[in-house]
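Asker: Residue numbers (our numbering), protein chains in the order written: chain U, 1 to 435; chain B, 1 to 260.
Hints in this document: simulated from the structure, not taken from any laboratory. Please note that a few of the clues may not be correct.
For each label pair, taking beta carbons as the anchor points, the in silico distance ranges come out as [unchecked claim]:
#1 B:Lys75 to U:Asn275: 50 to 60 angstroms
#2 U:Asn275 to B:Lys73: 54 to 64 angstroms
#3 B:Gly67 to U:Gln434: 29 to 39 angstroms
Interface residues of chain B toward chain U, partial, derived using beta-carbon atoms under 8 angstroms [said to hold, decoys possible]:
#4 Tyr11
#5 Tyr12
#6 Asn50
#7 Leu55
#8 Asp56
#9 Arg82
#10 Arg83
#11 Phe88
#12 Asn94
#13 Pro108
#14 Asn112
#15 Asn189
For glycine and all other residues, C-beta sits at the position ideal for the given N, C-alpha and C.
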Amino acid sequence: MKDLFALACRQLGRKKLRVFLIVLGIAIGVAAVIGVTSLGEGIRVQAVEQIKASHDLTTVAVSAGVEQGTGSVTLITDSKLKAIEAEKHVLFVAPFVKDAFVTQNNTYLAVTGVSPDYRRVQGHGLELAEGRWFDKGEGEGSNEVVLGYGVAKRLALVEGLEVGDEFAVKIRLYDEYGGGTGGEGQGQEGQGWGGHPKDKPAVFKIVGRLKSSADEHDNQVFVAIARAKELDEKEAYDGVFVKVDDPAFAGSVRARVEGLGLSAHSAQDVIDEVNRLMLAVTVVLGFFSGISLVVGALMVVNTMIISVYERTKEIGLSKALGASDSDILKMFLAECVIIGVLGGILGDLLGLCFAWLIDAVGKPFLVSALGGGGGAGGGGELGLGAGLQAGSITAVTPEILAVGFAFSLVLSVVSGLYPARRAARLNPLDALRQI
Amino acid sequence: MIIETRGLRKYYWLGREKVAALDGVNLGVEAGEFVSIVGPSGSGKSTLLNVLGCLDAPTGGAVFLDGEQVDYKNKRSLVALRRKVVGFVFQTFNLLPTLNAVENVVYPMIFNTREKKKGEGRGKRKGEGRSESRSEGRSESRSESRSERRAKARRLLERVGLGSRVEHLPSELSGGEQQRIAVARALANDPKIILADEPTGNLDSRTGAKILELLKRLNDEEGKTVVMVTHDLESAKRTGKVVEILDGRISDGRLDGRLQ
Ligand SMILES: Nc1ncnc2c1ncn2[C@@H]1O[C@H](COP(=O)(O)OP(=O)(O)O)[C@@H](O)[C@H]1O
Ligand SMILES: [Mg+2]
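Chain B on its own, in the form it takes in the complex:
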């Protein structure tokens, strides 16, 4: 399993009142799966995704990403996971308005190449030889020059179907096009997992369907593991597996009938 959670809990306190955004979530996602998470608003979908994406620390329970337990107290390892293992796609695109399409895709690569030079290689040197050579092979492909990074960004944009308008600013592009850039950006550092929080929520249904197609293609053709939050059952039906969350818990089987 590439993603596994055990008894995952996340509590918020509003004054004296405890809000359990996640209340014991056990989730398993196999590598190469396309999982959609559905559930009513406020049921804890975003919270789950943020915890999986290492943006938020859980109150309790354990998360395993790519076989290793996530240490939410270790800032360095969280940063490393955000850089290499997961790629985020947001509902509101969240592109940098001053950067054009290519530059937006290059943006996360900047952090990645820089980290490689310093701490990372050193830290793994102590580990066993095999994993070291693997990580080195990976970092080699990442020690890219500026022009290489731009070229890679262009390739990614082409892959998401935005080959022509790569020098445009986000404000000059439609919502669908912006979300395509965001998907390309999520792919920038070759993550194994793509986490998408209502990626179609701000798009009309036709454009949204196209984004879903895009994610499916990445899942099919490149084996990316995709976890997508959506409140649209029609979209969810087209993914490999549907997980419903209710009040911070995975509700088993209730939706099955409707999905079939």
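Chain U on its own, in the form it takes in the complex:
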């Protein structure tokens, strides 16, 4: 084997320029694939980083489970809650209840009944701008509410309500089936199920309002969970946030919660989604940039065929001197292997340069396109634009380089197969007679 490669090196050394051109051709193809793939990978990494920064990976959001097919619903009861709490790696559970109030002026209010732990989960989003949280701990049945940023603004504007004011509401109740969440669909549901909705009057006192959290909490009215359940006459919770001690265990906790018949989600779902999307994008782009590799392959085929013609006599001589068909085949394939290895190395190097170039030239463009630098919400929900400025938009991983290298090697060997076969099958005497 070693001798064959030594020989192949010699043969290639005889036509350095030609070899250099093929190697370069393959390398450019490899570099294009590496550049595109590293761009996809870079953006994926950035997006995932952004998700990790803005989402709590240690939180699993649990909601009632609906069995596929039968449609039977598993509710989050107190016993389920206990079961979840007892799982390994669970720090605490923060259940909540969703509700709807209607003010005297017929303003619908989305209400969330929360426990103190709820704020520990969503901590960063729920900061008081004024006032305080509920008295006597949220577990008590006080009639105190804290308003989300948006709701507070609306109530102040429409109804003139400020922190410290009291206001009367009606709580719309339905029999059993878990209605009463959003304000929108109520009319229809009321007709369909269990007779007449009944409105229960209550008076609430605004004890605080929140800063903007830039998410759905801005539109919520917060009540102590016990009070919410009491008003609602519900046994089950509408959802639970499960806090896990380590992001690594979020997946297993999630799986076990699902084992209880409930449905569960975590930020990992979003990350998985991004990964899937970017993989698809990268594969498609990589495929098209890979077309340039086909050109490289054709160059190898062409060069090797010419080489077989040129060396017909040499092949005949080798056979006369004892070379078998497979010796000749291996001799030519060894040359292809060398070309492939050189193409792979050069391709990886060019690929690194290419990735660097994309980063240097393409990044400012991408950042401005995504509207980065604007701080919060700059690049859409993920804040991609802002994130891109910090990092590189291309990520050349060892895997990408290895794949690029393998491409080059496999391609040149496969391309060399046909010419090498032709060489191997030459009749020694006919070949020897050629000039």
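Based on these hints, arrange chain B with the ligands on the given structure of chain U.
Answerer: The following block gives chain B with the ligands in isolation, referenced to the frame of chain U:
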């Protein structure tokens, strides 16, 4: 007999016309003989040599090399015979221009060592114990390292009288020197038989005579069986036995008078 042919025929068809390059050749060569084959151009000398050297398959008849009938349909056995039993010397030297003298001599050894590792030993294992041990003894001497092969090539080059210019490319050497390299290359895998097709045809008479001397010495001193095609009667006279071919047949006795 180390070489024997029985009713050897080789036909070519040019359109409808049949050309009998060999037309029933019965030839016997004893081990250690130096046979020259003479005859006019186109009489079938090269064809005979190519068939003996397993480069070409005959149309009919049988060839026995070293006691065994050659199976021209079995590519593997043909390759094995080319590697081990015969060594070729060509009229036009046919050296690889990119390789220097030593490398040209090493070249056929590369194929030989590699084959040994795989198929060969396995194939003979079934055979009788004696021949196995013999073949193993032989392959042992052939499982040489790179440096051993180079050393052997140098020894061979020295033997053909080219001890000093071993690192030169063929293009830097004279015709006689190139043919010496070719002879050394033919010896690379220790064949019993050397087949030389007009080895002196491209050389001036003085240089040609020296190559003939070299072949004679290999025949005398090392017992190599040499079959040499030549159209030079003077050269032929100096070999042990002369066979004349005319129109693809061995013509007995016609030359005898002139050779004596
Ligand atoms: N490949 C071939 N195709 C057709 N005819 C051939 C071929 N090779 C040899 N011949 C013919 O066979 C005859 C013997 O050729 P060859 O053995 O080369 O003669 P020599 O070597 O004695 O000059 C010639 O008539 C030649 O034309
Ligand atoms: Mg001839």
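Asker: Taking the hints in turn, state whether each one holds.
Answerer: Structure-based check of each hint:
Range check, Lys75 (chain B) to Asn275 (chain U): Cβ separation about 53 angstroms, and the 50 to 60 angstroms hint holds. Taking 54 to 64 angstroms as the suggested C-beta distance range, the pair Asn275 (chain U) and Lys73 (chain B) conforms, at roughly 59 angstroms. For the pair Gly67 (chain B) and Gln434 (chain U), the beta carbons lie near 34 angstroms from each other, so the given range of 29 to 39 angstroms is met. Taken as an interface hint, Tyr11 (chain B) does not check out: its beta carbon lies about 15 angstroms from the nearest beta carbon of chain U, beyond 8 angstroms.
Checking Tyr12 (chain B) against chain U by beta carbon gives a least distance of about 12 angstroms; that is not within 8 angstroms, so the hint is violated. Taken as an interface hint, Asn50 (chain B) checks out: its beta carbon lies about 6 angstroms from the nearest beta carbon of chain U, inside 8 angstroms. Look at Leu55 (chain B): its Cβ gets to within about 5 angstroms of chain U, closer than 8 angstroms, so that hint holds up. Taking 8 angstroms as the C-beta contact cut-off toward chain U, the hint placing Asp56 (chain B) at the interface holds, the least distance being around 5 angstroms.
A hinted interface residue such as Arg82 (chain B) counts as satisfied when its beta carbon comes closer than 8 angstroms to some beta carbon of chain U; here the least separation is about 5 angstroms, so the hint holds. Look at Arg83 (chain B): its Cβ gets to within about 4 angstroms of chain U, closer than 8 angstroms, so that hint holds up. A cut of 8 angstroms between beta carbons decides the hint on Phe88 (chain B): the least distance to chain U is about 5 angstroms, and the hint holds. Taking 8 angstroms as the C-beta cut-off, the interface hint given for Asn94 (chain B) holds, the closest approach to chain U being about 5 angstroms.
The beta carbon of Pro108 (chain B) is positioned within 8 angstroms of a beta carbon in chain U (closest approach about 4 angstroms), and the interface hint is therefore held. Interface hint status for Asn112 (chain B): upheld, as the beta-carbon distance to the closest one in chain U is roughly 6 angstroms, under 8 angstroms. The interface hint given for Asn189 (chain B) is met, as the beta carbon of that residue sits about 7 angstroms from the closest beta carbon of chain U, less than 8 angstroms.
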